[in-house]
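Q: Sequence:
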Amino acid sequence: MTKDYQRPVACSVHEIEIKNSRFIAIIAPAFRAEDCAELLNRAQTEWPKASHYCTASIVGSPTNQPTLASSDDGEPSGTAGRPMLMVLQNAGLGDIAAVVVRYFGGTKLGTGGLQRAYSQSVAEALETLKTELVVYRCNYQLSYPYELQGNIESLWKQFDIRVVQSDFAERVKQTVGVIPEQLDALQAKLDAVSQGQVKLTLVD
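Under my numbering, residues 1 to 204 are what the sequence shown spells out, in order.
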């Protein structure tokens with residue numbers, strides 16, 4: 001079942017040092033695969049000539065078939081990107097991308113050491129990350145005469161409805177995002193202002 005989730009609203013940068021290796025985590029909002037690529041390009045530009053640029057991302061809602069991606073960028077398989085992704089998943093975050101830049105300090109950390117280092121880097125960056133709540137909504141369609149527009153728009157404010165699309169022809173036709181728990185109460189209010197003539201129809 002799709003649920004509400006948190007997503008970043010700004011970028012967070014955090015650096016740790018382990019056995020002379022620098023690990024710089026950059027976390028930012030990501031709504032498309034292109035956003036993830038742009039974050040990687042930014043990291044490569046701002047922190048050039050690093051040993052590795054490892055990545056992890058969750059595009060979309062974490063509970064509704066998100067697009068997951070990760071890369072070890074030359075580190076031993078499973079020691080960087082996957083641990084980073086697991087930290088993001090365990091935090092319940094969506095629409096998020098992370099890059100960890102590593103400057104090798106001359107001492108090998110081993111498989112377990114790398115996993116801990118990349119995980120720690122992302123986890124500590126999340127501590128200062130600013131997020132916002134994304135409230136899950138289902139889309140519904142409805143149509144109504146213009147004389148009801150004022151009353152119905154007041155209901156949109158009362159129930160925190162998101163208007164997805166509006167078509168102003170002979171009648172007002174709209175697609176709106178409704179919080180599922182508020183559906184019955186909203187329909188009751190619509191029945192009251194329209195004498196039962198305005199019905200919400202779920203969009204497939």
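The set of hints was computed from the structure by calculation and includes no laboratory data.
Errors might be hidden in some of the hints.
Taking lysine-lysine pairs in the BS3-like style, the calculated list, with each CA pair at most 30 angstroms apart, reads [stated by the list, open to error]:
hint, residue 1, residue 2
1, 19, 3
2, 157, 199
3, 3, 157
4, 19, 108
5, 108, 130
Because the structure is a prediction, the values reported are computed rather than measured.
Q: Against each hint, give a clear statement of whether it holds in the structure.
A: Evaluation of the provided hints:
no.	hint	verdict
1	19 / 3	violated, 41 angstroms
2	157 / 199	holds, 18 angstroms
3	3 / 157	holds, 22 angstroms
4	19 / 108	holds, 8 angstroms
5	108 / 130	violated, 33 angstroms
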